[in-house]
Amino acid sequence: MTGLTRAPRLLGAMRTPVPKTPPQRPAVKESDEFDRLYRDHVDLIYRYAHRLCGETESAKDLVQETFLNAYKGLKDFRGDAKVSTWLYTIASRACIRMRRKRKGEPEHELSLDDFVPTSEGEFRLQIPMEGLSPEEALQNKELRQALDQAIDKLPPKYRMALVLSDMEGLSAKDVGTIMGVNERAVKSRLHRARLFVRRELSARGITHHDNPQSEGVPS
Amino acid sequence: MTKKKTAAPKKRSRSSSHTHGQGHCLELLKQLSAYIDDELPADICREIRRHLGACPNCEVFIASLQHTVTLCRHRPAPQLTSVDRMNMRRAILDAAHAR
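Just so you know, the protein sequences line up as chains A and B, in that order.
So in my numbering, spot 48 of the first sequence is number 48, and the numbers just go up one at a time.
So in my numbering, spot 95 of the second sequence is number 95, and the numbers just go up one at a time.
Hints were generated in silico from the structure; no laboratory data involved.
Honestly, I wouldn't trust all of these hints.
As the list claims (entries may be wrong) - Straight line, CA to CA, 30 Å or less: simulated DSS-like cross-link-like pairs of lysine-lysine:
1) A:K187 x B:K30
2) B:K30 x A:K101
3) B:K30 x A:K153
4) A:K173 x B:K30
5) A:K60 x A:K72
6) A:K60 x A:K187
7) A:K60 x A:K141
8) A:K101 x A:K82
9) A:K187 x A:K173
10) A:K173 x A:K72
11) A:K60 x A:K101
12) A:K60 x A:K173
What the hints assert, rightly or not - Chain B is faced by these chain A residues, among others (derived, beta-carbon under 10 Å):
13) R51
14) M98
15) F123
16) S133
We put the CB at the ideal spot given by N, CA and C, even for glycine.
Input sequences plus hints: build the corresponding full structure.
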């Protein structure tokens, strides 16, 4: 992360009085601040958006919605949290709104009882990982698709906990701030999300590729 | 050259070959993420390791969960092109100024 990582820098610049400036001057200043915010964080938020949405166009919509809201909220941002946490929060809320609008999907709870294996084949992952690094294993297109589909099937609040914790690498405390829940709830959602994805992968046989390098890099 | 590994048919009956005590295994299931994330006290970790040594199915299960977490952590994410970045910035500013 470069440049604009702390809110006080943003606010400091915005609070600096600029006497005798023409009327359009503050807008230019605001635009400069926005440009820095956008430049420093657009890749981060796009990556998060893509992981949440699972496809490119929705991810771009979410990025635009996030930065539009950030633009409007920039002057009120007090810097209590890191800028990235603030943007993650805006993106998460926008994502929930967009999904509700598109799918009208209700949240449903995942119960631990649903993840207890009941037959021999359900204990293990039947995927080719032995002797491969995770990166090499994920060059298997079928495995990537299985993983993407499993994550996409997760109810939104569980998917968000999984993406923020295991993919974005945030602490349970930061994830709690973003999702508006306590750390205990974050850990519970994360655990259920992992068990869900594990079960989905376990239920699916993956074709073994003898030469995973031949699969190419995912787009 | 590919070799297809087929998934076992899904059953939801409790007649599994999971021979260890179900209650103990269920307790373990609740704590697996905390165990993987190294968030449990040493005495509970020792107890879990003891259980895993005596219950092959739980050992396989925890390995499969660990693999799942590893795959999630390394799941690739696509990147924006510079044209995408520029077009989106323009669209955002247009929308902001239109309101």
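Taking the hints in turn, this is what the structure says about them:
Distance hint between K187 (chain A) and K30 (chain B) is fulfilled; the C-alpha atoms sit about 11 Å from each other, no more than 30 Å. A distance of roughly 34 Å separates the Cα atoms of K30 (chain B) and K101 (chain A); the hinted pair therefore is violated under the 30 Å criterion. Pair hint K30 (chain B) plus K153 (chain A) holds up; C-alpha atoms about 22 Å apart against a cutoff of 30 Å. Restraint check for K173 (chain A) and K30 (chain B): the C-alpha separation of about 20 Å stays at or below 30 Å, so the hint holds.
As the CA atoms of K60 (chain A) and K72 (chain A) are separated by approximately 18 Å, the hinted pair is consistent with the 30 Å bound. Proposed proximity of K60 (chain A) and K187 (chain A) is supported: the alpha carbons are some 29 Å apart, at most 30 Å. Annotation: proposed proximity of K60 (chain A) to K141 (chain A) holds, straight-line Cα distance about 23 Å (limit 30 Å). Between K101 (chain A) and K82 (chain A) the CA atoms are separated by roughly 29 Å; this keeps the pair inside 30 Å, and the hint holds.
Our distance criterion of 30 Å between C-alpha atoms is met by K187 (chain A) and K173 (chain A), whose separation comes to about 10 Å. With a C-alpha separation of about 26 Å, the suggested pairing of K173 (chain A) with K72 (chain A) holds against the 30 Å cut-off. Taking the CA atoms of K60 (chain A) and K101 (chain A), the gap is near 16 Å; set against the 30 Å cutoff, the hint holds. Annotation: proposed proximity of K60 (chain A) to K173 (chain A) holds, straight-line Cα distance about 27 Å (limit 30 Å).
Interface restraint check for R51 (chain A): the shortest CB-CB distance to chain B comes to about 6 Å, inside 10 Å, so the restraint holds. Because the smallest distance between the Cβ of M98 (chain A) and any Cβ of chain B comes to about 15 Å, over 10 Å, the interface hint for this residue is violated. Annotation: F123 (chain A) was flagged as interfacial toward chain B, and the flag holds, the nearest CB pair being 4 Å apart, inside 10 Å. Because the smallest distance between the Cβ of S133 (chain A) and any Cβ of chain B comes to about 8 Å, under 10 Å, the interface hint for this residue holds.
Of the hints listed earlier, those the structure fails to meet are numbers 2, 14, in rising order.
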